[in-house]
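S.K.: Line by line, the protein sequences give chains A and B.
Read in order, the letters of the first sequence are residues 1 to 377 in my numbering.
Read in order, the letters of the second sequence are residues 1001 to 1377 in my numbering.
Worth flagging that the hints you see were computed from the coordinates, not collected in a lab.
None of the values given here were measured: they were computed from a predicted structure.
Where is the CB? At the ideal position from N, CA and C, for every residue including glycine.
The reader is advised that the hints may include incorrect statements.
[To be verified] Rough simulated footprint, nothing fancy, chain B against chain A, three-plus residues with beta-carbon under 8 Å:
| id | region |
| --- | --- |
| 1 | 124-133 |
| 2 | 310-323 |
[Said to hold, decoys possible] As a list, the in silico BS3-like pairs of lysine-lysine whose alpha-carbon atoms are at most 30 Å apart:
| id | chain 1 | residue 1 | chain 2 | residue 2 |
| --- | --- | --- | --- | --- |
| 3 | A | Lys-147 | B | Lys-1147 |
| 4 | A | Lys-147 | A | Lys-213 |
| 5 | A | Lys-147 | B | Lys-1299 |
2 protein chains.
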Amino acid sequence: MMTFWQLTNAAGVYRIIYANDCTISERSNEQGNKMTVTIFDVAKEANVSASTVSRVLNNKSTISENTVRRVYEAAERLGYEPNILAQSFRKQETRTILILTPNMTNPYYSNILSGISDTTRSLFYSSFICKTDWNREEMSNILGMMKKRHAEGAILLACEMGEEDWLLRYAKDNPIILCSEFNPDTSIPHISIDNYKATVEAIKYLISLGHTKIGTISSVNNYLSTQLRLKGYKDALAAAGIEFHPEYIEYASKDYSYRSGCASARKLLSLEDRPTALFCISDVLAIGAINTAAEMGIKVPEDLSVIGFDDVEQTAMFSPKLTTVAQPCYELGKKSAELLITALNQSEDVPLETVLPYQLILRESTGSPVIIKEESI
Amino acid sequence: MMTFWQLTNAAGVYRIIYANDCTISERSNEQGNKMTVTIFDVAKEANVSASTVSRVLNNKSTISENTVRRVYEAAERLGYEPNILAQSFRKQETRTILILTPNMTNPYYSNILSGISDTTRSLFYSSFICKTDWNREEMSNILGMMKKRHAEGAILLACEMGEEDWLLRYAKDNPIILCSEFNPDTSIPHISIDNYKATVEAIKYLISLGHTKIGTISSVNNYLSTQLRLKGYKDALAAAGIEFHPEYIEYASKDYSYRSGCASARKLLSLEDRPTALFCISDVLAIGAINTAAEMGIKVPEDLSVIGFDDVEQTAMFSPKLTTVAQPCYELGKKSAELLITALNQSEDVPLETVLPYQLILRESTGSPVIIKEESI
DNA sequence: CTGAAAGCGCTTACAG
DNA sequence: CTGAAAGCGCTTACAG
């Protein structure tokens, strides 16, 4: 049994995939070598020209029903499989995209990668995942593969602000999508959640619980999300008329390491008038804060509320369960891939900005502050 | 400035990579379209034939020094970049390998993937990571890409026992490497640590600490490693003359889920004469055991010693720090890729079995059992 | 040490 | 609706 798969998109059918899942008749020459069945063999068998076979298999132009049938039958009889290498060469297209990620093991990235990978495959594209370690030279090398025709487009995860200028050099020749992080002034299409709004909602929630002494663990990195979350934190406090305390802000390492989360938390919790709630810009940082609090004898959520960010599944192993802002990682990846492939297939422009929904998930690490009776003189 | 990179392996130079990192002279025709610089253009510029240019750029046969220089200079002057699509087509090679993984987000896998990915890239191969969800049909589809000339070989992570027969159908046409898991009777090259020895060492360590009531959290899956670890557990006990208690074995879910680790631990720790030590065949299971013990008021390591397996970095966030058998995940990936590419490049056979060193890492989750005075009549 | 020529397997104007 | 022909850019026997 032979099956033909058709993939359609807005622009119409653009590729026929030809799958052969049973025994195929393999022809051999006298030496017993396998001979490749080409489009010419099929043409001869079907009594048509190679051009016609090509057209039938690619759904190009209208062809008489009779011919179509004959070609399909001949192809099946011969066990023809199109030579992808020849097709790529002829069309000068690789159907390959580049994925640049700082690393592959961080669950936030790996979930995005998973979404990208599944999506590209379902659209018959290959994705080539490359680890950059935030190294700009490495990124340049990788993107240079597009010029060398190894790939046709790229998705960049975790692009720091300020990477804009040199990136444009590549973006003008090949479509590029920025996933999660981007420069607000960029002309390169990007996709993310609304980090500002998400943070405001998280802080408002803490305020609604009765907290007024709210600290944050931010990061020294140069991501837009970090900036936006810091601004959301400040704005939400201001909107509620809560005085801003600069000492309530600590900055963790650029990669949100657990260690640095612990260190930041320790500083904040050692403050004379320590916060009763902590907004952390990543789950790992939040876990660090919770563990540090425990070490210091501060109970979560009784003495301290903690909110994380991302909702990576690995936090399910912790108790108390983390209240956090969930990012749709898999969907961020999926959508990035779809946008890129759209850009690749039609000259039609892709939207500059795509915003996916976040969700504030309330679990066990937050609660109302214990009201300590103020002693008056 | 133009640079040529040479990659050498045991078989000698096998590819020249040609990198151009500065402004290149781009020629245009009257319409201003970019014209591709081909090997013929370089040939004309250097006053040699295209064959010679090809030979120079591929280091084939001996060529007069003078010619070599002229060709390089011409190539540089013209900003020539070899057309990879044409090369692939001509040689009918994709330089692409398939990686089949149950999922991409589990840190054990993602670390292996990272090793594979870095290595293939450094050897100028592409790796195409595909998620299988343990679905055999999906695996077949993916491996089918080799026949369709999309890829030349494959690395399979987490191949369950019994997958052998249908796999051979693919392994006879294209090299395949099994990483971490395999069938002991397989004829397909594989790489792993010595799971049996590692387990024996771990159990011996527990015994040396004074434990005699040692339980294990195994899994219902069908991996060789699971079998070997169970056998190692039993054998080590037997070797020490410790009686085997069937009720000291529990089986977690096939994917080592945290939840199932908790459930298994609860059963073991609810036993009348409960174990004082638990050997868990994955770190996540071990974390589940530790957390469950805590919930039950059982202290680790005072009342219960716990050993994990894998040493994925994510466990660094837990206290007490986990004693565990470390697997060299990144190296397993790296070595798998090297083996596969070796198999691809030389007909020379690759070793059937490659064993990488493990390491028992002693941290805080293990200790001597508290000796409870036996009450005599 | 080097060149002329064939050919990898397909797609696509062009012509009818 | 269909065919003959050219050509994508390279590599590699073959011949000298």
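S.K.: Against this structure, judge whether each hint is valid.
M.R.: Results for each hint:
Here's how the region 124-133 of chain A fares: 6 of its residues keep a CB closer than 8 Å to some CB of chain B, so the rule of at least three is met and the hint holds. Beta-carbon proximity to chain B at under 8 Å applies to 6 residues in the region 310-323 of chain A; the threshold of 3 is reached and the given coverage holds. The hinted pair formed by Lys-147(A) and Lys-1147(B) meets the criterion: a straight-line CA distance of about 28 Å does not exceed 30 Å. Under the criterion of a C-alpha separation no larger than 30 Å, the hint pairing Lys-147(A) with Lys-213(A) is inconsistent with the structure, at around 53 Å.
A C-alpha spacing of about 59 Å is found between Lys-147(A) and Lys-1299(B), which places the hinted pair above 30 Å, so the restraint is violated.
Hint check: violations occur at hints 4 and 5; the rest are consistent with the structure.
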